[in-house]
Amino acid sequence: GTAFTPGNVVVVRVGTGAAPLTTAAAPVFLAEYTPTGTLVQTRPLPTADAGTDLAFTDSGTAYSDNNLTRSADGRYLVLTGYHAVPGTAGLVSTSAATTNRLIGRVAADGTINTSTRISDAFNPTNIRAAASLDGTAFYAVGGSSTVRYVPLGNAGPTTAISTGSQVNFRSVGIADGNFYVTSAASPNFGISQVGMGLPTAPGAAVRLLPGFSTVSGSPYALYFADLSAAVAGPDVVYVVDDSPTSGIQKWSLVGSTWKLNGTIGGSTTALLRGLAGTASGTSVSLLASSSNGLYSVADNAGYNAAPSVATLPQPFVKPPTNTVFRGVAFAPQAASLAKTRAVARAATPIDLTVFPVPATRQLVVQLGAGPEDSPAQVALFDKMGQQVLSQHAPVAANATLTLATENLPSGLYTLRVLVAGRAVSKQVIITH
10 GTAFTPGNVV VVRVGTGAAP LTTAAAPVFL AEYTPTGTLV QTRPLPTADA
60 GTDLAFTDSG TAYSDNNLTR SADGRYLVLT GYHAVPGTAG LVSTSAATTN
110 RLIGRVAADG TINTSTRISD AFNPTNIRAA ASLDGTAFYA VGGSSTVRYV
160 PLGNAGPTTA ISTGSQVNFR SVGIADGNFY VTSAASPNFG ISQVGMGLPT
210 APGAAVRLLP GFSTVSGSPY ALYFADLSAA VAGPDVVYVV DDSPTSGIQK
260 WSLVGSTWKL NGTIGGSTTA LLRGLAGTAS GTSVSLLASS SNGLYSVADN
310 AGYNAAPSVA TLPQPFVKPP TNTVFRGVAF APQAASLAKT RAVARAATPI
360 DLTVFPVPAT RQLVVQLGAG PEDSPAQVAL FDKMGQQVLS QHAPVAANAT
410 LTLATENLPS GLYTLRVLVA GRAVSKQVII TH
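For any residue, its number in my numbering is found by taking its place in the sequence shown, counting from 1, and adding 9.
Hint data in this document are derived by calculation from the structure and do not stem from the laboratory. Note that the Cβ used here is the ideal one computed from N, Cα and C, for glycine as well. Certain hints may be false.
[As the list claims (entries may be wrong)] So the derived label-pair ranges between C-beta atoms look like this:
| id | residue 1 | residue 2 | range |
| --- | --- | --- | --- |
| 1 | S419 | D62 | 51 to 61 Å |
| 2 | N309 | T51 | 29 to 39 Å |
| 3 | S225 | A33 | 24 to 34 Å |
| 4 | Q436 | N309 | 36 to 46 Å |
| 5 | T223 | Q323 | 30 to 40 Å |
| 6 | A315 | I438 | 40 to 50 Å |
| 7 | G96 | V363 | 54 to 64 Å |
| 8 | A406 | A33 | 54 to 64 Å |
| 9 | T291 | S222 | 39 to 49 Å |
| 10 | P44 | I438 | 48 to 58 Å |
| 11 | Q436 | A307 | 40 to 50 Å |
| 12 | V94 | T47 | 27 to 37 Å |
| 13 | V94 | G377 | 32 to 42 Å |
| 14 | L48 | S292 | 37 to 47 Å |
Based on the sequences and whatever the hints tell you, model everything.
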């Protein structure tokens with residue numbers, strides 16, 4: 010296929026335009042545009058089986074589907090669909106055992122892989138989104154199912170990694186080595202972290218980020234940014250909410266709680282469900298999508314401040330007649346770019362010493378000298394994966410951080426230290 014151009018915009022389009030969309034299966038396309046809205050190419054997903062690649066379609070009216078993501082290493086686009094030929098009736102309500110749910114992976118050079126199938130989840134309901142670290146395995150979410158971990162090319166059972174009562178998820182994202190989901194069903198209306206790091210086995214707790222609602226909200230795609238040097242790791246998150254009075258919400262991590270700074274307002278005709286972003290300094294460029302258009306907006310306000318724009322502009326691209334847009338992402342990059350960045354970030358290990366002080370009921374964390382002038386974020390997790398304490402240092406080099414553990418029960422905990430996108434974890438035993 011034709012390679013994508015870095016910096017361009019890619020949106021999922023459903024339908025050929027030949028007839029109005031229905032609940033039946035419709036062809037799926039990836040449309041690439043320049044940032045100013047000029048169409049570059051339209052790549053169809055397969056509509057018939059060919060070798061290991063499978064027919065990949067989606068319902069014309071399932072607006073919560075196709076939350077497009079880009080792999081964390083930047084090399085692939087990832088989207089979800091159904092193994093069905095165009096015209097298959099009542100697509101979303103089909104059995105996953107007979108109409109497998111699919112994960113599509115699209116490389117920077119345009120190569121499409123639709124060989125990854127799911128037969129034991131999202132039955133009989135939507136598969137909505139998937140995320141990947143590097144294109145070799147995926148985290149998939151949708152209705153009536155826990156989060157699923159699925160290797161590329163899967164043809165058998167999948168791994169249900171999340172625990173708890175939450176079984177209805179909207180979108181997914183990987184940020185700074187952690188995995189996040191959005192949901193709009195009890196008990197979590199907002200963004201949740203799933204386990205620690207990137208779990209691949211059962212037992213990962215779904216933990217609502219402090220500050221998000223347990224009773225209301227309709228969130229979809231999300232984008233994390235690191236805008237403050239004083240806060241370690243991602244400290245701002247944007248999330249689209251398709252409520253008629255919502256739009257692009259901006260949240261900042263203040264202490265240990267996420268605070269809503271404001272909303273770039275949408276409208277009843279711009280019900281946003283797709284989102285992508287890129288940050289430069291304290292400025293963030295955002296792409297948002299609804300079924301009726303693509304939107305571009307810049308927030309220059311920085312960390313813990315109301316967005317610099319209050320309302321959503323007019324769409325810079327609208328879909329053709331009898332088609333709809335779904336998720337949006339920036340175009341994937343060539344492998345060499347992602348590999349160079351990954352090697353550079355992994356060059357310096359984190360020098361870490363941890364020791365409990367039972368007499369004062371404290372846990373002391375000491376970081377080595379090293380060359381690191383980035384902030385450090387320290388978090389303590391219990392055996393269920395719930396974060397129970399956190400602390401940060403403006404500069405990691407030679408930092409000493411103290412966590413007060415007097416209110417924690419004795420037991421085994423996991424300490425995680427994050428510096429400039431690198432993480433190290435150690436198990437510690439706390440006794441009183």
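Mind listing which of the numbered hints don't hold for this structure, in increasing order?
-> 9, 13, 14
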